[in-house]
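Visitor: From first to last, the protein sequence lines are chains A and B. According to UniProt numbering, the first sequence holds residues 1 to 353 in order. According to UniProt numbering, the second sequence holds residues 1 to 353 in order.
Everything labelled a hint here was simulated from the structure, so no lab data went into it. One or more of the hints may lead you astray.
Unchecked claim - To spell it out: a stretch of chain A is covered by chain B in this simulated footprint if at least three of its residues, at any positions, have a beta carbon under 8 angstroms from a beta carbon of chain B; those stretches are:
1) 81 to 87
2) 121 to 130
3) 186 to 196
4) 199 to 206
5) 238 to 247
6) 262 to 268
Quick caveat: nothing in here was measured; it's all calculated off a predicted structure. Every residue gets a Cβ at the ideal spot worked out from N, C-alpha and C, and that includes glycine.
One letter stands for each residue in the lines below.
Protein chains: 2
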Amino acid sequence: MGDTTIRDGKAAVRISDVARHANVGAGTVSRVINGSQSVAPETRKRVLAAVRELGYVPNLVARSLAANRTGIIAAIIPVIGYTQHAQVIQGLTEVLHERGTNLMIGASGHSPEMEEKIVGAFLARRPDAFYLTGTWHTDVTRELLKASGLPVIEGSNLTETPIDMVVGYSNFAAGRELTRLLALRGHRHIAHVTTKYEPNDRITDRLNGYKAACSEFPRAQQPIVIECENSFEGGAEAIALALKFDQRIDALFCATDLMAVGAILECQRRGIEVPTRLGIAGFDDLPIASAVVPSLTTIHVDRVEMGRKIAEVLLRRVEGESLLSHEIDVGFEIKERNSTFTKGEKRRNRSTG
Amino acid sequence: MGDTTIRDGKAAVRISDVARHANVGAGTVSRVINGSQSVAPETRKRVLAAVRELGYVPNLVARSLAANRTGIIAAIIPVIGYTQHAQVIQGLTEVLHERGTNLMIGASGHSPEMEEKIVGAFLARRPDAFYLTGTWHTDVTRELLKASGLPVIEGSNLTETPIDMVVGYSNFAAGRELTRLLALRGHRHIAHVTTKYEPNDRITDRLNGYKAACSEFPRAQQPIVIECENSFEGGAEAIALALKFDQRIDALFCATDLMAVGAILECQRRGIEVPTRLGIAGFDDLPIASAVVPSLTTIHVDRVEMGRKIAEVLLRRVEGESLLSHEIDVGFEIKERNSTFTKGEKRRNRSTG
DNA sequence: CTGTTAGCGCATTCAG
DNA sequence: CTGAATGCGCTAACAG
Chain A
1 MGDTTIRDGK AAVRISDVAR HANVGAGTVS RVINGSQSVA PETRKRVLAA
51 VRELGYVPNL VARSLAANRT GIIAAIIPVI GYTQHAQVIQ GLTEVLHERG
101 TNLMIGASGH SPEMEEKIVG AFLARRPDAF YLTGTWHTDV TRELLKASGL
151 PVIEGSNLTE TPIDMVVGYS NFAAGRELTR LLALRGHRHI AHVTTKYEPN
201 DRITDRLNGY KAACSEFPRA QQPIVIECEN SFEGGAEAIA LALKFDQRID
251 ALFCATDLMA VGAILECQRR GIEVPTRLGI AGFDDLPIAS AVVPSLTTIH
301 VDRVEMGRKI AEVLLRRVEG ESLLSHEIDV GFEIKERNST FTKGEKRRNR
351 STG
Chain B
1 MGDTTIRDGK AAVRISDVAR HANVGAGTVS RVINGSQSVA PETRKRVLAA
51 VRELGYVPNL VARSLAANRT GIIAAIIPVI GYTQHAQVIQ GLTEVLHERG
101 TNLMIGASGH SPEMEEKIVG AFLARRPDAF YLTGTWHTDV TRELLKASGL
151 PVIEGSNLTE TPIDMVVGYS NFAAGRELTR LLALRGHRHI AHVTTKYEPN
201 DRITDRLNGY KAACSEFPRA QQPIVIECEN SFEGGAEAIA LALKFDQRID
251 ALFCATDLMA VGAILECQRR GIEVPTRLGI AGFDDLPIAS AVVPSLTTIH
301 VDRVEMGRKI AEVLLRRVEG ESLLSHEIDV GFEIKERNST FTKGEKRRNR
351 STG
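Construct the complete structure from the given sequences, taking the supplied hints into account.
Guide: See the structure below:
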C-alpha cells in the first residue's frame, strides 16, 4: 500500500491526500496551509474543507527539512528544578507556544563542558535559535554557536562580549547597590556569603559587586567572604562560620535567597535577632523571601517577563529582522524588607558576644 | 553551487560529502554513524576519519524524516516554575541526554484545554513518546494520544484507566496515611486545606484520602475542608479561616507544602505554637519543608528518580519492547518531623479560647 | 560487506 | 492563480 504509517500502523494523512480530495495540487494545499495570499478564495475554501474532513495535520518534521527551518528553539539552563531558571523557561514557552514555535530544553548541571555537549547535540536538530544561561561558556561552545549563524541569547546577566546578544541585568551592579544600601542603613560589618560549588558568572559578579562597594566605604571595609553550599543548609552553616570568624559582623549579604533564608531560619533556631543583631539580605526574590519571618531584603528580577522578552527578540530575529542592540538590560529592583535595617531605623548597640 | 546552507550561508557538510571524502557510498557512512555491525573495520576507520576531518554533524531533521523516528520525547507539565514538576523533568532530561534523545516541553497552566492544544501541536512534530502530568485529560487528548499509537506515560498519580501507562504513587493513600498518622499521634480535630484554583487529580485524591481517614476514626470526625490559594499566602490565610471556623481544630493537613509552610510562618507571626497548639502537615517535601522552624511533617516522593524511571520505561518502549505493566507505583514516604506531634509525645491540653 | 536506488512529507521553484 | 517537478539530507531495501 502507499499508506504512510506512524510508528506501527496508524495511517497518517499527507498533503497529497488532501490535494487529491480537494482536486488541487499539493503545492496549492501547502500554500493555503502556510497562508500564502496568492490563492483563490474558492480554492482555499475547498482545501480547508478537505483538511478538516481528513483531519490532516502537517508533518512538521518534513516541513522542517524542506523549509530549512524547524520552529524549535533550544534552551539550556543549569538545573530545571531551580525556580529562577524555570521561571525564565516558563516565560519563554508562554510566548513561543502562541507563535507555533516549540521549546527543546537541556540541563547543564552548572558545567560548561556539559553545556558544550548539549549545544552540540542540539545543533544537530537544527533549532532556529538558542537561549543559554549566563555568560560563561567554553570556547568550543562559542565557536559552534557563532559558526552556526543562529540567533543566540545569553540570559540573566550582562557582558561586553556576548556570543550574539545578551538579555539580563547587571549582577555586579545589583550586588554593589545592595551592599551600599546595607551600609547606608547602618550595617557596619557586612560579610558576603557565596558558593563555590556552582561556579558561574552571576554569583561571581555579585561577589565582585560586594567587594566594589566595600572599597568605597568612608573607612574602607575589608571584604569578608564566606563560602557555603548553595542551599538552606549552606545558609545555616554560614551563620556558624560568620560568628566564629568575627563577632562584629552585623550583616550577611547572601548571594542567593536559598542561603539567606537558610540563614534566617538558623538565627531563629539559635535565638539570634534579625535584623537587630544580624541583618540578612539575599538575591533572587524567591516566593519564600517575602513569606519568611522576618521577610527578606533581596534583589528582584521579573524572570518570567525576562523569558517572554527573550522569546520575543529571538522570534523577531528568526523572522529575519536584524538585531538592533547586542544588549537588553531588564534591570533589577531592591526589595527592602524586614531582615535588614530599613529606612528611619537606627542602629542599636548590639549585645557584645 | 551544490552546497547546502544552514540559515544564511554557512556551508553544512552532508553525508554525501563524507562518502566522497572516504571513497564509500552514502549508505556505508550511514551504517557506521548508526553503529550497524556489518561494516569492515578498515572501512569504518576511513569513514570515521572523514567525519572528523570534515566536522560532519548528522542532520537529525533529515534522519527523523527518513527513519520515521525523531528521538524527541514530549513532556507537558502544569507550570515549569513549580519545583515538584521541574524535578521530574530534571530526571527525564538526565537519562534522555545520555541516550541521544531530547526533550520538548510545554506548560499547560493547569488547564486540560491548554494541554489538549499542546498535545496537538506536539503531535505534529512526531515525538517518539509522551509524558503527561496527572490523570485528568480531555477526551480529545485521550483520543489523539491513543490514535497516535505512541507510548504515553501519565505521571505523579495512579489510575485504573491510563491512556497507556501510569508511573506515580497513590495520592489517595498518601493523604489517608498522613491523616491516620496525625490521629494516631493524638491530633483530634484535623482540618484539610486544599486549593480549588488549580483543580487536578492529585489535589483531589489527597482530599479524598483525608476524608476516607476521617470516616474510619473511632468517633468519626466530620471532615473540615478549607479552600485557599496554593501559595504561602494561601497557607497564612488558612490559619485565619481555621481558627475562625472552629477553635477546636488542632491540626491542619495542607495539600501542598507551599500552603503548609505559609501556615507555619503565619503561626510564627501570630504566636501560635506549632505543634502544641496546632499541628501542621504538608505534601511534597519541598526543600523548605526540612529547613523551616519547626520542620514540616510531609509526604516525600523522589521526583527526580521518578523522572529517570519514566525516561527508562519510555525509551524501552520506543525501542520496541512491549510494556509489561500499565502501572508503576514508585511509592511515597511519610516524613514525620516537628510540626506535628511525633512518636512518644503526648497531647497536652491546649489553652482554650 | 557495500554501492545504488528509492522514498520520507513537505516547500518551492517554474511554467503555464 | 495553480499544477507539476525538484530536492531538503538521510535511512532502508536491494542487489551485487
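Visitor: All hints, please: hold or fail.
Guide: Hint by hint, here is what the structure shows:
1. 81 to 87: holds (count 5)
2. 121 to 130: holds (count 6)
3. 186 to 196: violated (count 0)
4. 199 to 206: violated (count 0)
5. 238 to 247: Contact hint for the segment 238 to 247 of chain A vs chain B: violated, 0 residues under 8 angstroms.
6. 262 to 268: Since three or more residues must qualify, the claim that chain B covers the segment 262 to 268 of chain A holds, with 3 doing so at under 8 angstroms.
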